[in-house]
Amino acid sequence: MAATIAAFEPPAPPRRLFRRPVHPTGLWGWFTTVDHKRIGLLYTATAFAFFILGGIEALIIRLQLGGPNGHVVSADTYNQIFTMHGTTMIFLVVMPLSAGLANYLVPLMIGARDVAFPRLNALGYWVFVIGGLFLYSSFLFGHAPNGGWFGYAPNTEKAFNPAHNIDYWVFGLQIVGIASLTGAINLIVTIINMRAPGMSLMRMPIFVWMTFIAQFLLLFAIPVITVALFELMFDRLFGANFFNVQAGADPLLWQHLFWIFGHPEVYILILPAMGIVSEVLPVFTRRPLFGYPVMVFSGIAIAFMGWGVWAHHMFATGLGPVAKSAFALSTMFIAVPTGVKIFNWMATMAGGKIRLKAPFLFAAGFVTMFTIGGLSGVTHAIVPADTQQTDTYYIVAHFHYVLFGGSIFGLFAGAHYWWPKWAGRMLSDTLGKLQFWLMFIGFNMTFGPFHILGLQGMPRRIYRYPSGRGWDFWNLISTIGAFIIALSVLVFIINILKSRRGPLVGEDPWDARTLEWTTPNPPPEYNFAEMPIVTSRDELWHRKYIEGPDGRPVRREPERIEPVEPAEPAEPAEPRLEPARLEVGDGNGSSASTNLPPPAEEVAREEHEGESVADAAHEDEHGHIHMPSPSYYPLLVAVGLPIIAYGLMYKTWFVAVIGALITVASVYGWALEPATEPEEPIDMSAPEPEPEPEPEPDQPELEPAGS
Amino acid sequence: MAVTEAQAAGTGQHPEQGLSHPVTSTGLSNEKIAMWAFLGSECLLFGALISTYLLYRGRSVAGPFPHDVYDIPYTSVSSFVLLMSSLTMVLALAAMQRRDQRRMRVWLVTTALLGATFIGGQVYEFTVFYRAGLSLHQNLFGSSFFVLTGFHGAHVTIGILMLLSLFTISAKGRLADNRVETVELIGLYWHFVDVVWIVIFTMVYLIPGVK
Amino acid sequence: MSSTTHDEAFSSPDAAMESPEPGVEEHYPDEWQYIKVALILFAITMAEVGIYYISGAERAIISLMAVMMIAKFTLVALYFMHLRFDSKLFRRLFVTGIILAVAVYLIALSSLHVFQR
Chain A
1 MAATIAAFEP PAPPRRLFRR PVHPTGLWGW FTTVDHKRIG LLYTATAFAF FILGGIEALI
61 IRLQLGGPNG HVVSADTYNQ IFTMHGTTMI FLVVMPLSAG LANYLVPLMI GARDVAFPRL
121 NALGYWVFVI GGLFLYSSFL FGHAPNGGWF GYAPNTEKAF NPAHNIDYWV FGLQIVGIAS
181 LTGAINLIVT IINMRAPGMS LMRMPIFVWM TFIAQFLLLF AIPVITVALF ELMFDRLFGA
241 NFFNVQAGAD PLLWQHLFWI FGHPEVYILI LPAMGIVSEV LPVFTRRPLF GYPVMVFSGI
301 AIAFMGWGVW AHHMFATGLG PVAKSAFALS TMFIAVPTGV KIFNWMATMA GGKIRLKAPF
361 LFAAGFVTMF TIGGLSGVTH AIVPADTQQT DTYYIVAHFH YVLFGGSIFG LFAGAHYWWP
421 KWAGRMLSDT LGKLQFWLMF IGFNMTFGPF HILGLQGMPR RIYRYPSGRG WDFWNLISTI
481 GAFIIALSVL VFIINILKSR RGPLVGEDPW DARTLEWTTP NPPPEYNFAE MPIVTSRDEL
541 WHRKYIEGPD GRPVRREPER IEPVEPAEPA EPAEPRLEPA RLEVGDGNGS SASTNLPPPA
601 EEVAREEHEG ESVADAAHED EHGHIHMPSP SYYPLLVAVG LPIIAYGLMY KTWFVAVIGA
661 LITVASVYGW ALEPATEPEE PIDMSAPEPE PEPEPEPDQP ELEPAGS
Chain B
708 MAVTEAQAAG TGQHPEQGLS HPVTSTGLSN EKIAMWAFLG SECLLFGALI STYLLYRGRS
768 VAGPFPHDVY DIPYTSVSSF VLLMSSLTMV LALAAMQRRD QRRMRVWLVT TALLGATFIG
828 GQVYEFTVFY RAGLSLHQNL FGSSFFVLTG FHGAHVTIGI LMLLSLFTIS AKGRLADNRV
888 ETVELIGLYW HFVDVVWIVI FTMVYLIPGV K
Chain C
919 MSSTTHDEAF SSPDAAMESP EPGVEEHYPD EWQYIKVALI LFAITMAEVG IYYISGAERA
979 IISLMAVMMI AKFTLVALYF MHLRFDSKLF RRLFVTGIIL AVAVYLIALS SLHVFQR
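Those protein sequence lines, which keep their order, are chains A, B and C.
If you count the first sequence from 1, position 475 lands on 475 in this note's numbering, and the numbers rise without skipping.
Offset between the second sequence (1-based) and this note's numbering: plus 707.
Offset between the third sequence (1-based) and this note's numbering: plus 918.
The set of hints was computed from the structure by calculation and includes no laboratory data.
Quick caveat, the model's predicted, so the values are computed rather than measured.
C-beta atoms are modelled at their ideal positions from N, C-alpha and C, and glycine is treated no differently.
Please note that the accuracy of each hint is not assured.
To be verified - Derived coverage of chain B by chain A (criterion: at least 3 residues anywhere in the stretch with Cβ under 8 angstroms from a Cβ of chain A; other residues may be distant):
hint, segment
1, 762–774
2, 834–846
As the list claims (entries may be wrong) - The following label-pair restraints were derived from C-beta to C-beta distances:
hint, chain 1, residue 1, chain 2, residue 2, range
3, C, F960, B, T864, 18 to 28 angstroms
4, C, G974, B, F858, 30 to 40 angstroms
5, A, I658, C, F1033, 25 to 35 angstroms
6, B, D778, C, K954, 23 to 33 angstroms
7, A, R460, B, T864, 38 to 48 angstroms
Bound-form chain A, shown alone:
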């Protein structure tokens, strides 16, 4: 709603609650930033921190189940731990990691300077992080959510769960849902409307496509769970009867609403990872993605059919034969577009000149592990078999193969691939490979045995099991595997820390294919000094290579491949061709360290001499690029939300009112301040005139996000 009235005139005298932040640097700059790259890094770093938390919870689970009659935690604590593990990994890890990557990369990949609504973007991040902290604050009060990640009502009703555990879950997910919804709207508008000239839909990188599709799923799925949570909230706080069976309520209502959201959610989690893998594989096989249009349309088909399969989560509830058959069929059908994607990835790899770098290993690991997870998924479509598998470790095995073997492997492929983009430095490939093999072995040791345990009948969510059921051995293997995964994550962290002293890279360390690699690493705040013009899919590749007579790629215009002196004016007509950085294809990036991109001011001044097409609105006659101004309000709007939640939960109404006032006042402040302060252009032709303590806003010395 704030966006609706966001376009007013600035008040004639700037009478405001606060002085607007003026491109602040340092820590405060991160709190007020509206730069999509900084927000993307914040998302990624925060989600990685939650990944560590969720991982620790997983280790506690595995310690408890490592042997029979485990006594590490009590049954009550165990319930809280596994609920928070699932909730964290889905809502606070995989979704925001995908959102973070999309935030950082989508504008760069489509040739835009920022997302469509920069402040809404900041709001999404702050709401997410505050919602996550709110969920975790439940541990401080000893009432962490304990109803499983799908919180089945009526089990989560006040009558059966009288403490505040579920209240934290209900409010936490509603808050995080706001972040997903604003993020989805923002990315959808960005992709529809902010593409560079020539970047038609069918020229977009496949990661942008998969993000686009996933955001549509979010747009339409989030309101469904919002209503379910809202009804549960009314039951718990105000004694409504939505899930009160004694009043005649239908206990299946929750399951339907939850899974109408929940199954699209599965594709929200996997589609971005599929997009990442579809970007990584072509770069490391030096072939274009096999069947690009088919990949796009199978993504759309998956998303579309994803709305018609939700009841396969409910086969054990007595849906009746017609509904069961229909949903069994649709579930089997959805394997078809998924299978198409797998074959296309294999066809991309087949016959390619494969470079066995860490990103490729993770991408290949994704394809294999996701295939296993997909196959066990198809077995759930068979109703009699599923009745046997429901609520056993077989299900746990399946969704860890698609969510960990799929999403997390894909996200790590992306992390290794785009790290030089974010940090300007390479990660060690040796450590990356070590991490991959540890993770690959640990992952299969942990979750492979779950198939066997599940078929042997070990139920989910039990906190303890007796000896002598044949479960002891495989549980022990699984626990050892979990610690190997933890070790592999440790290797990743060490890799990040070591990379901070690594050499700087040039523009295109991987010999990549897409537009984001035409910008310096890391990119300046305005991304593109001049808006790119796109003429083909795999734009960067076609700028570098032409097809030789034998059909092999030949490097275009070899005389251009010479270092460009930083002070030399670049050719204005084809500014993107800066070939000096193109020859660094070995992935080390070390040889590129001499070819640093010229300072941002210089680029801007040079490039301004060239023609500018689509950015007339952004540049005035003095060579300024107007970027959106930072703002306090997204953070303030977000701060009010958990206060409302605490007030409602603990029935201290004045607290809720205070929270609501903070949020509403901030929304008004937001609406009344212009997105871009007219007097605040980033002046690139002169040093920053502000008397700020650290006047270096254009050379972002971004810290690696993971630290």
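Given the structure of chain A, go ahead and fit chains B and C onto it with the hints provided.
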């Protein structure tokens, strides 16, 4: 688009301010696409609430039941008031398109007043129902009815706030004549709230009472 | 940079979405059209309330009410919300939401046997 001529008219503003939106791939404004995406999303929100109501129709184990409390002539009048507020909203937009802000403000206030009349009617209706023994806690009908219509009422209230804010800004002379789209976007939200009520009026009030 | 590149970009497969549709605003209806639409809406509402009091023929009345509801909804969306005059993109976004909502909730409700009562 709505603003191109206004832009050409040249308001003497900074270029960024004169444009309602920067050059975009589709030529459409970001805000309008966002608003339509948001409204598409809202369909699933209200759909879930209406479905809950339909699921629990006739399943309450204790009274009062819908036919005990509904007053169809009364609700018809308040539905009609909301429907007419959509007319005054488009008239406000038409005035804004003619750069007639004075008349636009008249229509905006009329719209807000009609909306407030609707909300007042709803508050009165809730009070009557509550006195008749219907509450959130009483039965399934109470839960699903109050949450659905209350949720809709909250949307109308937010709409009234936006209308009054827009009125205030225009009255203070701070609304540039080229901000047609701001009026249009608030209008879109307002009409959406109206069409949702069209559905609620039929599905929740009329159809359950058909004999 | 050349105009050909630019044109090429805008005549790509998603031409429907790309078309800038200039001057759309001029086709927005004038006040009289708005008032006419409002009169029709008023008439339908009167008819709805009128047939509510007819007893018997329950199924026919319910179907008639559903038709009138859809008619009112469509009129407001097409004229007051300008979907008839605006870019197809807006229509697609909104209609996707409506169709998805109707489809999934109908399936869910019928699997809960709501329509067999």
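We went through each hint and held it up to the structure:
no.: 1; hint: 762–774; in the structure: holds (count 6)
no.: 2; hint: 834–846; in the structure: holds (count 3)
no.: 3; hint: F960/C <-> T864/B: 18 to 28 angstroms; in the structure: holds, 25 angstroms
no.: 4; hint: G974/C <-> F858/B: 30 to 40 angstroms; in the structure: holds, 34 angstroms
no.: 5; hint: I658/A <-> F1033/C: 25 to 35 angstroms; in the structure: violated, 46 angstroms
no.: 6; hint: D778/B <-> K954/C: 23 to 33 angstroms; in the structure: holds, 31 angstroms
no.: 7; hint: R460/A <-> T864/B: 38 to 48 angstroms; in the structure: holds, 44 angstroms
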